[in-house]
Amino acid sequence: MPPPTQPPSAQTFLGDIAAAEQAAPVPPPPPPPPSSDDPKYAGNPALFEQDKQAAEQATAAFVTAAKARGAGWRG
Amino acid sequence: MISKWLATSPLMMLQELLDQPKDKMPIFKPAIGPVVVMRHADVIKCLERTDLFTVDPYAAQMAIATDDKTRCPHALSHFLLGTDRDDLYRLDDVILRRAVSRRDEETLSALARREAEQWTEATRRAATGEIDIVTTLAKFLPLRIVADYLGVPYYRDGEPSVLPGLCGGDRFALDPDLQQVFTFTKIQEGIVPRADDLFNWVKDAFRNIFNNFNPALPQFAEFRARGLTATEYLSAYIHALIKHYKERLQRGEEVPDTMLTRLIRMQLELAAGTDTALEQDLATLLGAPPPPGELARRLSDSMIRSNVFGTAVGAVVNPQEATARIVDSMLRLKEGQYEILKGSTFEEAHRLARIEQGDPDYAHSLQILRKYALEALRLQPQGEVLLRMCVQDNSELGGTLIRKGTMVFAAYAAAMRDPEVLPHPLAFDAYRDERPVAYLGERERANEAPQSQNYLQHGYGRHKCLGRYASEITMRESLRALLRLGQLARRSELKMDEQILYPESLRVGFT
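Protein chains in written order, with the working numbering: chain A, 2 to 76; chain B, 33 to 543.
Extracted from the complex, chain A is given alone in its bound form (with noise of 0.2 angstroms):
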């Protein structure tokens, strides 16, 4: 990403940033991933299992979406 030196190249904040939301689109924020110790659990590890990869996935597809959202800061 090249350094911040060019103006914005829409007229508006909240217009750039719906522009960049409809050109990458987020999906909601991944569930936390599942505890082990979650009574649901008990005796059902097949569960837990298929509970952790769903929000293992979900936490990659949001991480992409956000790095192709240009996520990064500066102080």
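Treat the hints as calculated values from the structure; they're not laboratory data.
Among these hints, one or two may not hold up.
To be verified - FRET-style restraints, in silico, Cβ to Cβ:
id : chain 1 : residue 1 : chain 2 : residue 2 : range
1  : A       : E22       : B       : N426      : 23 to 31 angstroms
2  : B       : A63       : A       : E57       : 30 to 38 angstroms
3  : A       : E22       : B       : R435      : 13 to 21 angstroms
All residues carry an ideal CB built from backbone N, CA and C; glycine is no exception.
Given the coordinates of chain A, assemble chain B onto it according to the supplied hints.
Only chain B this time, still in chain A's reference frame:
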């Protein structure tokens, strides 16, 4: 996206956010990335609620100026600007605010006035009818404060320094005592700094701590390396100064009265048991005495070194930009770009600046010039946001849920133009009520001046700038000196560097 707008059109972006209906957009929270807090009440709350929003993002690069924990496992590795842990923060805070105090206003004013007048005299002698504010007053008044008030001096090339046998530009061996606790990876020798050495060290270290977070940017690695090199040079030099002045004090010799020597005096008097007042005062401010041995630990050579380092690093490039912004804003005032309230004209500032010491209106003129500087900077602020890390899920800011781990941009530049608290926020009014409040005035900030709720350029709350008094005096004296040059006219726009982070030039003509 947010970074790009903050770098290129920050005030337009923040104004747009402020203009959104409050019920629809109390804060700006994108699907990903940092949250932007722009309304006054929320910015204040964000800066006050250090239990929810911390300065953690700054901590890692501040720690490189402290002792190496791999060599000294029990070393303290924080600077107070990078921690919100009460056990680390509060004791350092009261110690440093004892060494850098509002009682020094007269000393600071004299230092800044002398430096400013040297530059304006030199400018007049040059007879070009023009001054570049960025490379003169804005740069050298803060450097003078660092040299003569904080106690980290610079020298001309070949000029004898306080370090025995060493002149400006000379190299010196790294002290084995320091190498026992501090790891050098970039430098083999120290340098007695010239003005540009000291300025560049401070700037490189500052940028690495506060403006170099994104590894995707092409200069990230270079800025990180430069920050580390600067930290090593500055640490080696401050250590040499501590060692020198400590020996002199132990021999009963006179030393300059600076932040650095005050901290050494505290250390020596504590060790000798001759300053029981220090422990009593700190216990009163903190509400309880520090744990046994903790005060000595906080006044160790290592802590004095890293605290003087951190204070010096914060004391140059921010004031430099602030002065440049103030002058730019004052020229905008002269050019008719602001609505003017209560007679706050450029011409009135010019008149006030020419009131001489001894005139019955002199003290009043300084007070109003200070307010001109604050108001000018409110409208053209240096920096726009303070960075905080959300450390606990909460909905304290505008009722919007912010998750743990979210970066928060506390946009003080927006808060200072929020019409809910500042009437006519885009107008220039040098007589605004500052709305002072005594933050922690009944405890550890009992000796501090109240802080303004309207002028937030020096932060607010716990991390209110340690150098606020010096900074305000620097701003006032720079403005006064410039106005005294004569009739002013803009000769250039304010030019910033490639990253739009640091000022490079602002030329002003005078007749």
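The hints, checked one at a time:
With their beta carbons about 25 angstroms apart, A/E22 and B/N426 fall inside the hinted range of 23 to 31 angstroms. Separation of B/A63 from A/E57 is about 20 angstroms and departs from the stated range, judged on CB atoms against 30 to 38 angstroms. Between A/E22 and B/R435, the C-beta spacing of about 19 angstroms keeps the proposed range 13 to 21 angstroms intact.
In this structure, only the earlier hint numbered 2 is contradicted, and the remaining ones agree with it.
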